[in-house]
Amino acid sequence: MRLRSSGENGSHVFNQNLKITQLGKSGRVEEAIQVFIEMSQKNVVTYNSMISAYAKNGRIVDARRLFDKMPHRNLISWNSMIAGYLHNDMVEEAHGIFVSMPKRDSFSWTLMITCYTRNGELEKARELFNLLPDKRDTVCWNAMIAGYAKKGLFDDARRLFDEMPVKDLVSWNSMLAGYTQNGEMRMGLHLFEEMPERNLVSWNLIVDGFVEIGNLDSAWQYFKKIPNPNAVSWVTMLCGFARNGRIAEAEGLFKQMTDRNVVSWNAMIAAYVQDCQINKAFRLFSEMPERDSISWTTMVNGYVRVGKLEEARKLLHRMPYRNIAAQTAMISGYVQHKRMDEASQIFNLICTRDVVCWNAMIAGYVQCGRMAEAQFLFDQMTNKDTVSWNTMITGYAQVGLMDKALEIFEAMGERNIVSWNSLITGFLRNGLYLDALKSSRMLWQEGKRPDESTFACGLSACASLAALQVGKQLHQLVVKSGYVNDLFVSNALIAMYAKCGRLFNAKLVFKHITNVDVISWNSLIAGYALNGYGKDAVGLFQEMLMEGVHPDQVTFIGVLSACNHSGLVDQGLDLFESMTEVYSIEPLAEHYGCLVDLLGRAGRLDEAFKMVREMKIKPTAGLWGALLGASKIHQSLELGEYAAKKLLELEPHKASNYVLLSNMHAEAGRWNEVERIRVFMKERTTEKQPGCSWIEVRNQVHSFLSDDPSQPRIAEIFSILRTLTAEMKNIGYLPDFISSIDIL
DNA sequence: CTAGGGTTAG
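For the first sequence, the UniProt record's numbering begins at 1 and goes up steadily by one.
Please keep in mind that the hints were generated in silico from the structure rather than gathered at the bench. There's no promise every hint is true.
Keeping only pairs whose Cα atoms sit at most 30 Å apart, straight-line, the calculated DSSO-like set for lysine-lysine is [as the list claims (entries may be wrong)]:
#  : residue 1 : residue 2
1  : Lys616    : Lys646
2  : Lys280    : Lys338
3  : Lys225    : Lys255
4  : Lys308    : Lys69
5  : Lys42     : Lys25
6  : Lys511    : Lys480
7  : Lys384    : Lys338
8  : Lys472    : Lys438
9  : Lys19     : Lys151
10 : Lys25     : Lys167
11 : Lys646    : Lys472
12 : Lys646    : Lys610
13 : Lys618    : Lys682
14 : Lys338    : Lys25
15 : Lys124    : Lys103
Here the structure is a predicted model, which is why all the values come from computation and not from measurement.
Given the sequences, and given the hints that come with them, work out the whole structure.
Now the structure itself:
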């Protein structure tokens, strides 16, 4: 055997080092580790490369471990570690490295400055920048300029830009990015014309700027003018189309692209996912030559979006590596379906939990109204961000504990507009209009202005309260503030008008939207369904399909409930089938609920019962309730009793369930049973919250609690109720035995 | 003496 010369050996190490870097850059960190382990000889570059590979793939802990145990460190090792922390948004740790390193060069300084600018700490960045006048190179200037520009501090950026000794293309592009990323396209174009030379980055910034402000025509015009568009240009344009629902055009671009990379594939998959075309998304996912963690995460998200949690979970387990984004997507999937046990299983699997996954869990408990558990997690969090605080505010507001919501609001350090929105919406939802108004004024006093979401939230609160007057006032404010063309606001307006029975207004708002999305259609369809116009709702649904908009889970809740309200049995069954077969959307309890009710009312009790028994999900109380109701109408005591048994297992404390069962027996003349149930009911029901209803008259909300002697106009109410009951009897309505006793 | 670390576009 011949001994290899040291030169050959050296070039081998050289090549392996290169490989580690490349694998790290393309997200294939596992393969990089493999190469690293198999190398018999390593030099300092090998370690440095591996540190970067780890850090670029979110494995900052491994990067640090390697850094700590490597035999010799050079300046680049220290810099790589700072860069690693920069990539992982860990500014404090980066600073720790920065202060303890033996020597610093301009790379080190620039890295640290970038850490601060990315973190929004412009003052600290500037402080560092000022500390090293002699070592500042062009890159360092550029970093500082980019920091100012990105934050929209154009004057500061411009001052440095004019001051700097040598400008390069990146300096120009950094200024340009400031304008385009802040929606200042007039200024951006001006600079673009002024630039001594342009590269693809400059062109792509312009296209992206137009995409961001929703001006697809201009984006397209500039895209076409790009001399040699690269993958970034194509992806930017593709995402622009996708985001505006123009999926066909996005598809066309994807097909035309010559140099597709992972990002291009990911973008197209994301476009399909966004349009709920999960099967097309999966086909691309299977076809693509290589997948990175974004590809996997997008697919998991896609399945979550259409409610296919099983598919999502399978995919998550098939992933070649663990990825926190995908795990968080899975968590939010479970959270949306209130499956907190499974969510928390995934949560427990994550070793280094970030804020986002904590927030997802908290949001989950909040949505289930389990505030104690939400608070428990919240208290444990060491790195709360505004999202965490805001979620807690929303949570307490939702369960009616506005005192707690306010307490959280007041305890938080930095409030953003969402914090205010959560608080104001909370007040609105709880009918505390005056407090909402007061908070809105305070918001103005703090120099903040209501934004799109302030209005969208406010309007959705009005929708859930059916508070038309306040809703209308908000609509006027929307017009005055210039948010009429915002899609979120428009959709909230549709929902509000629809819920208040003003279908004409809802339709009017709908017609004014330039780019309706699936949510706009959903709101309108649900509105028609809610107000009893089942056929129109189904008609709208068909219109929506003709327009090429893909329905989602919510669409089907709307259109199925439309069929339900209008007794369109066969159409409902057909639609339900197409939902799973054609659109591959997984039915939720709500969908089954519509169908069971629909079949039940039509007297097709066997089919209804069969559906409940055979469905994939666990039957909810609502489903048994629907079955019980149907059994009562069609006098099927046997099925009714079975449904009631199941129902009472799930909700033993709810009085209305006993009333339903009791009425059924009353109708069948089984008075012993009626009496027995009444006794049961007295024993078991612990209704803490009395039934509550409200109406809005002349800007004021009047609420009614059951058994509430303090209601000021109780006598009038009773007198009107008696009149109404008499009239109902006159036109042939026979009131239920028990409920009539309760009223009269 | 080519590799490894910093600024601008997906």
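Against the structure, the hints:
no.: 1; hint: Lys616 - Lys646; result: holds (17 Å)
no.: 2; hint: Lys280 - Lys338; result: holds (28 Å)
no.: 3; hint: Lys225 - Lys255; result: holds (19 Å)
no.: 4; hint: Lys308 - Lys69; result: violated (44 Å)
no.: 5; hint: Lys42 - Lys25; result: holds (20 Å)
no.: 6; hint: Lys511 - Lys480; result: holds (19 Å)
no.: 7; hint: Lys384 - Lys338; result: holds (23 Å)
no.: 8; hint: Lys472 - Lys438; result: holds (19 Å)
no.: 9; hint: Lys19 - Lys151; result: violated (37 Å)
no.: 10; hint: Lys25 - Lys167; result: holds (29 Å)
no.: 11; hint: Lys646 - Lys472; result: violated (43 Å)
no.: 12; hint: Lys646 - Lys610; result: holds (15 Å)
no.: 13; hint: Lys618 - Lys682; result: holds (29 Å)
no.: 14; hint: Lys338 - Lys25; result: violated (38 Å)
no.: 15; hint: Lys124 - Lys103; result: holds (20 Å)
This entry does not satisfy hints 4, 9, 11 and 14, going by the numbered hints stated previously.
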